[in-house]
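Engineer: Protein sequence lines correspond, in order, to chains C and E.
Each residue of the first sequence is one higher than the one before, counting from 0 in numbering that gives the first Met the number 0.
Each residue of the second sequence is one higher than the one before, counting from 0 in numbering that gives the first Met the number 0.
Incorrect hints may appear among the rest.
Derived CB-CB ranges, DEER-like [stated by the list, open to error]:
1. Val124(E) with Arg425(C): 31 to 37 Å
2. Gly382(C) with Leu137(E): 53 to 59 Å
3. Asp294(C) with Thr128(E): 37 to 43 Å
4. Gln49(C) with Pro52(E): 23 to 29 Å
5. Glu87(C) with Gly8(E): 56 to 62 Å
6. Glu270(C) with Pro52(E): 36 to 42 Å
7. Lys401(C) with Glu139(E): 40 to 46 Å
8. Gly8(E) with Asp59(C): 54 to 60 Å
9. Gln32(E) with Asp252(C): 45 to 51 Å
10. Arg210(C) with Gln32(E): 47 to 53 Å
11. Glu270(C) with Val135(E): 53 to 59 Å
12. Pro52(E) with Lys83(C): 19 to 25 Å
13. Thr418(C) with Glu122(E): 52 to 58 Å
14. Gly53(E) with Glu246(C): 56 to 62 Å
For the record, the hints were derived by calculation from the structure and aren't laboratory data.
Please read these numbers as outputs of a predicted model, since none were measured by experiment.
Don't be surprised by glycine CBs; every beta carbon is placed ideally from N, CA and C.
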Amino acid sequence: MGQTIVQKILARASARPTVAVGDVVEPAVDLAMSHENGALVINQFLEIYQRTGLEPRVWDPARIAIIFDHRVPAESAKTATNQKRIREFVRAQAIAKFHDIRGDQGGICHQILPENGYVRPGAVVVGTDSHTTTHGALGAFAFGIGATEMAAVWALGKVLNVEVPATIKVVVRGQLPPRVQSKDLILHLIGRITAEGANFKVLEFHGDGIRAMPTSSRLTISNMAVEAGATAGIVPADEETVRYLREEAGVTDALDPVAPDPDATYDQVIEIDAASLGPHVARPHMVDNVAPIADTLGTKVDQIVIGSCTNGRLEDLAIAAEILKGRRVADGVRMLVFPASWKIYREALDRGHLAALADAGAVIMNPGCGCCLGVHQGALGDGEVALSTTNRNFLGRMGNPKAEVYLCSPAVAAASALTGTISDPRK
Amino acid sequence: MPNVVLALGDDISTDAIYPGRYMATVLPTETPQFAFADLTEFNARLTQQAVPPGSVVVAGQNFGCGSSREQAASALKGHELVVVAKGFARIFLQNAINLGLRTVICPSIAASEGDELEVGPSEVVNRTTGLHFPIVPLPEARQAIVNAGGLIPYARKKLLARTVAG
């Protein structure tokens, strides 16, 4: 019987010929990623070694990545102290893939990993961040775990007690119309299957609509797979994946991708006609409260946010710049732009995107998670409304439970910045 | 008999359980003060020690959706709350198991704040309404971690076994 991609990756990582859905395995980890919550991982890691008489050493410092992104530069003494502890640990353990708060190497973890070629097709990637699903766009099995589970990975090099998940196959046919983006596609899917529609399962993406997309667009889709509850959102590697890794990520060594069998067994098959999709918006306060843009047109907004691990990539800044070039962000609206990495920042600078956005009135922020998780750099006032290209709109998400967050694509965000109300970028 | 101290609906996110603005706080001794911080009245009852250990939070589907922040589990564990939900999001459930927060999957649970609940091994009995609700057992792989007293002792045992074998 055929195997899904997650079955094949887990079989390989567990040195078994095959695995069945529900089997419990302990896959070897290819890459283990943390950000500022590495401070908690360190505590739990040292705790595991208590009373063992063993010297705490991570299993493989070359396979651990730590990227500062959630609160950069530090917004508080507490964060700065956590970051300081992590730097000391990184030095002591010789952790190789460390990205500090620096303009020559920093950014959001879910952009830093792909753009540096750290993620390979067929790999097992874990991260102490729910949006670790992002890396499924490169054909890896990538999933979020908690800090204690990561501590066990640092100690043992494998994830303990992983149950092989069932898979939902998503087939995307046709190509998205102009100014309709992969964000609209994933919002549409989440609206269809709900925020728990893929709980404990993997979404596996297929079809010519996916094949036609550049990796940057696929990263958006895999990023938000977790918003449907999915453990992972995997796009099996293809020619585009190889192109991205070779040309954009500078990978020169051999790749060893894994493909699902043609006769794999799926829990469910969902078909999406991309050509018929328009822009979509997720309304407060749930990511699955999705509507076609027509249902939200005219909603007044106070803050526009373009950026995050979902939509802070070059193509996102490019479409926003195209829409805003030579025009002006509406009075009374503040627009914040967070490029996903400093590499993207530089490219957007070179291409004139950042100038076009700043000339229109946008504030160009430093790369990082920014206001997405409600810690700093753009909290909302009581009763205010944000329209954001980020991935979550839970009550209180942007730092204020008395505010509202709508989620959309970069094109919708840019078009709405011009009017101060939710607007259709196709018009 | 433990009481239901909070009855919630579906899709309670980790932002609701532990808001992102407190994420720089990581120590399990410090996170409990921010449990359900935006539910200000309930949070005040927790921090004033007005909620006895073993009290039950009842919720609908997809409890703990969203962020992987382990503080959401450690904050509730700090108050020794028991979460009885129709369903849990994956990462939260795993974090809860890893830290020893008692989580009970009870797909048909119906209870209101103030009800008395008896949480047994195979069913939840609402002593106030007299209704019985079956519990879905944890998958075997997760139960093994519960039985070990959490992931830290479980991982420690694996580490020592490897060293001996190694």
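Engineer: Against this structure, judge whether each hint is valid.
Structural biologist: Hint by hint, here is what the structure shows:
Here the CB-CB span from valine 124(E) to arginine 425(C) is close to 56 Å, at odds with the stated 31 to 37 Å. Remark: the range hint 53 to 59 Å for glycine 382(C) to leucine 137(E) is contradicted by a beta-carbon distance near 43 Å. Separation of aspartate 294(C) from threonine 128(E) is about 39 Å and conforms to the stated range, judged on CB atoms against 37 to 43 Å. For glutamine 49(C) and proline 52(E), the Cβ-Cβ distance of about 25 Å falls inside the hinted range of 23 to 29 Å, so the restraint holds.
Checked against the hint of 56 to 62 Å, the C-beta distance between glutamate 87(C) and glycine 8(E) comes to roughly 44 Å, which is inconsistent with it. The supplied range of 36 to 42 Å is broken by glutamate 270(C) and proline 52(E), whose beta-carbon atoms lie about 50 Å from each other. Between lysine 401(C) and glutamate 139(E) the beta carbons are some 44 Å apart, a value that agrees with the proposed interval 40 to 46 Å. A C-beta distance of roughly 43 Å is found between glycine 8(E) and aspartate 59(C), which places it outside the suggested range of 54 to 60 Å.
Take glutamine 32(E) and aspartate 252(C): their Cβ atoms lie about 49 Å apart, and the range 45 to 51 Å holds. For arginine 210(C) paired with glutamine 32(E), a C-beta distance near 50 Å keeps the hint of 47 to 53 Å intact. For glutamate 270(C) paired with valine 135(E), a C-beta distance near 31 Å fails the hint of 53 to 59 Å. A C-beta distance of roughly 35 Å is found between proline 52(E) and lysine 83(C), which places it outside the suggested range of 19 to 25 Å.
For the pair threonine 418(C) and glutamate 122(E), the beta carbons lie near 56 Å from each other, so the given range of 52 to 58 Å is met. In this structure the supplied range 56 to 62 Å holds for glycine 53(E) paired with glutamate 246(C), their Cβ-Cβ distance being about 58 Å.
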